[in-house]
Every structure is written in structure tokens, then in C-alpha cells.
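So the protein lines, in turn, are chains W and V. Here our numbering is used: the first sequence runs in plain steps of one and ends on residue 981. Here our numbering is used: the second sequence runs in plain steps of one and ends on residue 157.
Some hints could be false.
[Claimed, not checked] Below, a sample of chain V positions facing chain W; criterion: calculated Cβ distance under 7 Å:
id	residue
1	Leu25
2	Val27
3	Lys32
4	Ser35
5	Gln57
6	His71
No lab work stands behind these hints, which were simulated from the structure alone. All C-beta atoms, glycine included, are put in the ideal place defined by N, C-alpha and C.
So you can see what is in the structure, the chains are spelled out below.
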Amino acid sequence: MASEIGQATIWLSAFSALWAIGMLAIGLRNRNNNAIISGRNGVVATFVLISIAVAGLIYGFLTDDFSMRYVAEGSSYYQPVLYKIAALWGKMSGSLLFWLWLIALFGTIFVWRNRHTKDSLADYALIPISVVMLFFTILVSGLIRGVYNPLSRFPNGGAMPDGAGMNPLLQTPSMAFHPPILYVGFVSLTIPFAFAVGALISGRINNDWIIRSRRWTLFSWLALTVGITLGGNWAYRELGWGGYWAWDPVENASLMPWLLCTAYLHSVMIQEKRNMLKVWNIILMVLAFEFTILGTFITRSGVITSVHAFAEGDIGVYFLSFILLSLFIIIGLIVSRWEKLKSLNWLESFLSKESVFVLNNWLLIALTLIVLWGTLWPIISEAVTGQKIAVPEEFFNKTVIIPGLMLLFLTGVGPIISWRKLTLSNLKRVFTKPIILALILLIPTISYLFLSGNIVVKVRSVYTVLCVFFSVFVLVAIADEFYRGGKLRSKRHEISLLGGFFRLIGRNKRRYGGYIVHVGIVIVYIGIMGSKGYFLLESKSVTNGQSIEIGKYQLTLKRGFEESHPNFELSGAEFDIKRNGKYIKTMQPARGFYFQAGQGEQDTIESAITHFGLNDLYIALGPLPQDASDYVSRGEPVSVQVYHNPLISLVWVGVAIMVVGGGVSMFEKNYKYNVKTDA
Amino acid sequence: MSRSRIKIFVASGILVSSLILLVFVGVKNTSLRHFRPEQLVAQAQEVHQKGVQIDGFIAEKSTSWDHGNFQLSFVVRDEADTARVNVVSVGKLKPDNFKDGGNVFVEGRYNADENLITASKIQTKCASKYQQAGSALATQEKYQIEAEVTQQN
Numbered sequence: 303m304a305s306e307i308g309q310a311t312i313w314l315s316a317f318s319a320l321w322a323i324g325m326l327a328i329g330l331r332n333r334n335n336n337a338i339i340s341g342r343n344g345v346v347a348t349f350v351l352i353s354i355a356v357a358g359l360i361y362g363f364l365t366d367d368f369s370m371r372y373v374a375e376g377s378s379y380y381q382p383v384l385y386k387i388a389a390l391w392g393k394m395s396g397s398l399l400f401w402l403w404l405i406a407l408f409g410t411i412f413v414w415r416n417r418h419t420k421d422s423l424a425d426y427a428l429i430p431i432s433v434v435m436l437f438f439t440i441l442v443s444g445l446i447r448g449v450y451n452p453l454s455r456f457p458n459g460g461a462m463p464d465g466a467g468m469n470p471l472l473q474t475p476s477m478a479f480h481p482p483i484l485y486v487g488f489v490s491l492t493i494p495f496a497f498a499v500g501a502l503i504s505g506r507i508n509n510d511w512i513i514r515s516r517r518w519t520l521f522s523w524l525a526l527t528v529g530i531t532l533g534g535n536w537a538y539r540e541l542g543w544g545g546y547w548a549w550d551p552v553e554n555a556s557l558m559p560w561l562l563c564t565a566y567l568h569s570v571m572i573q574e575k576r577n578m579l580k581v582w583n584i585i586l587m588v589l590a591f592e593f594t595i596l597g598t599f600i601t602r603s604g605v606i607t608s609v610h611a612f613a614e615g616d617i618g619v620y621f622l623s624f625i626l627l628s629l630f631i632i633i634g635l636i637v638s639r640w641e642k643l644k645s646l647n648w649l650e651s652f653l654s655k656e657s658v659f660v661l662n663n664w665l666l667i668a669l670t671l672i673v674l675w676g677t678l679w680p681i682i683s684e685a686v687t688g689q690k691i692a693v694p695e696e697f698f699n700k701t702v703i704i705p706g707l708m709l710l711f712l713t714g715v716g717p718i719i720s721w722r723k724l725t726l727s728n729l730k731r732v733f734t735k736p737i738i739l740a741l742i743l744l745i746p747t748i749s750y751l752f753l754s755g756n757i758v759v760k761v762r763s764v765y766t767v768l769c770v771f772f773s774v775f776v777l778v779a780i781a782d783e784f785y786r787g788g789k790l791r792s793k794r795h796e797i798s799l800l801g802g803f804f805r806l807i808g809r810n811k812r813r814y815g816g817y818i819v820h821v822g823i824v825i826v827y828i829g830i831m832g833s834k835g836y837f838l839l840e841s842k843s844v845t846n847g848q849s850i851e852i853g854k855y856q857l858t859l860k861r862g863f864e865e866s867h868p869n870f871e872l873s874g875a876e877f878d879i880k881r882n883g884k885y886i887k888t889m890q891p892a893r894g895f896y897f898q899a900g901q902g903e904q905d906t907i908e909s910a911i912t913h914f915g916l917n918d919l920y921i922a923l924g925p926l927p928q929d930a931s932d933y934v935s936r937g938e939p940v941s942v943q944v945y946h947n948p949l950i951s952l953v954w955v956g957v958a959i960m961v962v963g964g965g966v967s968m969f970e971k972n973y974k975y976n977v978k979t980d981a
Numbered sequence: 005m006s007r008s009r010i011k012i013f014v015a016s017g018i019l020v021s022s023l024i025l026l027v028f029v030g031v032k033n034t035s036l037r038h039f040r041p042e043q044l045v046a047q048a049q050e051v052h053q054k055g056v057q058i059d060g061f062i063a064e065k066s067t068s069w070d071h072g073n074f075q076l077s078f079v080v081r082d083e084a085d086t087a088r089v090n091v092v093s094v095g096k097l098k099p100d101n102f103k104d105g106g107n108v109f110v111e112g113r114y115n116a117d118e119n120l121i122t123a124s125k126i127q128t129k130c131a132s133k134y135q136q137a138g139s140a141l142a143t144q145e146k147y148q149i150e151a152e153v154t155q156q157n
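Generate the whole structure from the sequences, applying the supplied hints.
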């Protein structure tokens, strides 16, 4: 019954989305408030209907209804409950249904939050939201070749005796949460995009749409930041190759909207302060949204050969058509509103905050284009030359360094440079201290990073020196901003310096939350520099009692072991870890053996990871039989791969700081905008 | 046009040109020709001792692991098994999801004389499949689902 009801509600939601579009268009054109309210109700009705469908699918998972095809392909009897629920977004049609549900949810929240506003901008914005809902409803309806309705049953009325089960690699907490958080980031960008399009349609090209969409944009940015990081963390913990980012097309697909969203968040400050870059900001927001659809296209269409791509069905054509059609319409709207989009001011000086922000935009867009080019080059090269040319990880690693370092430098310059024109007094006042301190602290910082047990090899690249120098510069510049502001407030209000800091942040959450994000970015840069540039790797086969050495660590194989779990068995090897000859810890890397009906036996790498200060020791095992204790005690060889990943903890810590800063910034309340309300 | 505008345009031009050059050089120096196994075998001599990327299927019962040399050896075949390419990887573990008949991507240097890729990177297909594997009927047949079984239950 859940299946049949769910399928029916998906079909009905197509009508409610269409109703919403129609009623809103009619209501706005004829200034008919009843029609507008009916349109808003259409959005809410779509949410209710899709929620019933999602509930039906979850019910199918929790009751192990293997007559439902999607449930049968993604779950099994012994799969833990968390992963039964996570299976909702584990494959194509379920993930699209979840995407649709999120759009409808955010649309409903949007309707509720704007229920008392008398101006029409929000209602204009509801039209593109409803169009996106309609598009995704069509995708999950079962009409498209290659995408079945996720609530559908097997055609012959049968059922699998047990489900195929979720791939063992996905049965980890970080992979359970990575997709939904990333989807929240992608989907919530629909709202600021809708505001931008609504502003174009209505002709209200002032700062209203930016101000009213700001919190949504920050929310998206936060969700994308967390979602991308969870994906990297999962890869690090589960895949056994000691890394967290490989520039795979699917990874790139999530990074590009994040880069554009970051550019947008900076660029809008210029529009708000100086009424400049209006076209720029609309284009950035539209592109950020379109790149979320492009990312979905890359992941699902199979057009790009990658470890994530599976070629089947027509869905790629639909995504591409949506992107092209929507861009065509929006470009038309921009052209029609060109007079209103012209900037009222222009850059007065090459050395100014405005110029730095424009340069920041250019660099973020350049990074996006580099990533896009590298991702699409196989298709482009095949279309042009007939030969598919792949672009490996090395291309991305080498090409992004220089723009990345420039961005790092601007992260410190942007907050402290003056508006309009850099004066000599501004130069002396705010730049002298950070530059001098960065030069003084460069050597001690490098010594700390490269000695003291962190990175155990010498500096081998000028990029490293630049990265450290710029990082110290940024941290000192931002610390100085906090100190000067905090001290002023502490004096003014006769409170402690700490109290002054809190008051400072509280009075301008947006600005100082942004500075906290910049601190986090710097920490991430240092973490990436260490872990990507200076990791150590040792690969060796050892027998019982033998050791493998890496850096200052010595790992000695002591014994084998086995462990039983509800849906898998572990077979592993225990190592005693010594540093400089002194025992510090025991680590237990293993192989996991999963048995699932549809997938047969799978054995996976279950790495052991231990944090030593800012660094990780990471051990992965080669093939091992299930009786590891006997195997090892017989003196058989165990293949071991060990990584020393210096400063990698800074990557996760830096992201956490970014999230804190973004959260602080999101709660800026001191916005005044000219919106008439009933209240 | 004011001096500051000219400076800004010139600087923007330099920046854009530099980035284009960066991408061009990057692609030129790092790119790999991508093949399916049958394509690689057909053009073997053209790419002898050059970097290549192939995607195919792990040939059944072809995988072996040499503990002593930390070496993984296997064969990649095309879908119809009309062409095969040998692969050897030293110093790296077999990735997860690596199984007979499974999809695999290999990057490395190709030796046409031995029809061998010395792999620098091996990847298997992502565990998360964003696609429908064939028709529902095929799924039923694969998992031997019978309507009568359900009815009896």
C-alpha cells in the first residue's frame, strides 16, 4: 500500500507544482492576491505529497519490503537501521526524490517566512522554485528511461528473499551523513537563485534580493563546506589510500558550486556598500545554482568516465536541457534589465578593497574554470579530436597552487585594506605590522612545522615558504583586527579585553564571523600543505615480530586477530608502535569481510588511524585470510602500507573553525531593508 | 578612460592570460590518452612507453598478489573479452571493490612489447551507484525472484 500511495503522491505533486506556477504567474500579473495565496498553497501541497512518498519509501526500508525494487537493491535484513534510512539517497531515483523533498521543504519554509510580506519579490521567487520542483517531479515519476519511480514494485509482483544490501564501503557514519548534508547545500542554493531570478522578473534590481537571500546563501555555503569535508573524511577513513581528495569528477562537482558561492558571498558586500557589481552578483548566484545541476548531471549521466559515473538512460539529456534552457531565459532577463543593472560606481583605484574583492572573484572563478576544464576535458577532447584525453590528479594539483596561494594572500589583504583607495596612512597603519611579523615569524613557524615531530623532511618547494608566509600574514592581520576592535570596545565600555572581543563580535557578527572563517581557511591551507606535500609512505610485507619503519616510528607486528559483528567479520593484525624507540600505542588495522545477498563476499580495507598531535599514522593491510591469528602465528607474510600524514588534523580543525565562523556570520540581525510587512 | 580603469583592464588581461597559459601548460604536460582495452591493443605502438589511462573489467581469475615484492598483477579486459591488457602495480594495495568482472580504471606507463601497464593509480567503481542497472525484469532474473515464492509466503 505504501508503494502505491507513494507513487500516486509523486504524480499528484507534479500537478501541485504546475498549479503553483500557474497561480503565482496569474496572481502576480493580475495583482490577484487570492491566486497568489493559492500558488503558495501549491508549494506547500507539493511538500506534503512528497513527504508522504518519502515516508512510504522509508517505511519500505524499515519493514524490509523487498517487493519494492529500490528497497531490494539498496538494503538487506541485517543492515543496521541507520544505513537502511541512508539507503533512501543511496541510488539514483531515491536520491532524486530526496532532492525533490528538500526543494519542497525549503520552498515551504520560504512561504512561511514570507507569509506576512506585502511586497511581491518573494512571490516572484516562488515561481523558479516551483519550476525546479516540477522538473524533479518529472525525473522521479518513472517516465524517463533509466530512472524508475523509487516507490515502484517489481513488475511480476515478486519479491527478493533478501535485499542486495548497501555496499559495505558506504556503511559508515560519515558516508551516511555526507550525501544528505551535501544535498542540503546544493538544494538550498535554489532559494537565493530564485531570489535572483525573481528580482530579474520583477525588475526589483536593488539590494533587497541580496539581503533577503543572504542567510539562505550562508546556510548553503555551510552545508556544502560540511558535506564536502565529510566526503573527504570518509575517503580518508574508508578507502585505504591515505588521502582525502583525488579531483574525481564527483568531488569536483561539489567543489565548483562552493567556489562560486564563496565568490558570491564576498562580491555582494561590494554591491551593498558601493552599488557595484550587480550583474556580477546575479551571474555568480545563477552559476552557483546551475553548477549544482551540472554536478548532478556529471554524477548521473555517465557522460564523463570516472569511478563514479555509470552510463545508462536519458537523464543526462534532461539535466543538460534544463541547464541550457534556464540559462537562455536568464540571459534574456539580464539583457532586458541591463539599464537597471548598471553599476552606479566604478573602481576608483587599483589598490582598494573593491579591487581586492574583484580580484578575489576572478581567482575563485578561475579556480572553478580550471576544475571545470579538467573535469570536462575528456568529453571536449573526444568531441574535437576523436581521442579521449584524461586529465589526472597531477594537472589539478599543479594548476591550482598559484591561484590558491594568491587567494590565501588576499584572505589577509581583503579585511584590512581601505575602501575606495589605499592611502599611505592606511598602508602604514594596517599592513606594516602583519608583514613585519610574518617575516619575523616565518623561520620559527617553519621550524615548528618541519621539526618537532611534524614534517620530518626538509622544505623542498618555494610554494611551501610562500604558503607559510602568507598564512602567518593573514593570521597576524586578522588577530590585529580583533585586538584593535576589542581593545576599543573594552576601553569604551570599561570591560575586560575578552569582554571587548565578545562585544565586538556581537555587534558585527557578519564581519567578524567572516574573519573567523578566514582563520579556518588558513589552518586548512597549512593542513593541506603538510598532508599533501610532505606525507611519507612505506610499503612492506612483514612476518610475526618483524618491523616496518616510517619517519620516527617503528611498527612491529605482534599477532593476528578476528572479530565478529552482526553483518561482517574482521580479520586483522596488531602492531606495537614505537617512536624514537619508546612504545606509545597499539594499532589494529584489519580487513572486513561482508556477506550480502546481492553482492557476494566482499573484503574491504579497514585502516587503523591514530592521531599523534597534528599528525596521523595510517596503516592499511593487504590481502589477509579470515583466520588472521593462525595465519600470523604460522609466520606467514602480512602486507602493510603505512602513511605518515603530517598536519592532517589541521584540515579537519580548520573546517570546524570555518563552520563556527559561518554560523556566527549567519546570525547577523542588524539588517534593515525596505520590505513592508503586516506586522 | 581614466588611468585607474586602464590599469585595472591591463591587470585583468595579464591575470586572465596567465591563467589560460597555466591551464594550457598543465594540460599539455600531464594529460593521458584514455583507451578501452581493445583500443589500446589496436594502437599499442603509438603509445609505447607513454602514459595512458584505461577503463575496463578485471579479467576473471587473473589477479595475483606477491607479498615479497608488494606487487599486484591482473588483467584488464574489454566488455566482450576480445582484448586484454596486463597490469602490474608495485607498492600499492588492491583497492576495495576490486573483484573479478568489476570495473577498474588504471593510469600508468604502457609497454607495447609486453602489453603491460605499470600502474601509478588503480581505482574501482564507486560504491554508490547513481544509476538503474538494467530493467526491473533483469534485476528479478538476476536475483531469482519468483512470483510463486512470494505468493506461497
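Review point. Looking back at the numbered hints, which does the structure fail to meet, lowest number first?
Key: Per hint list: 1, 3 violated.
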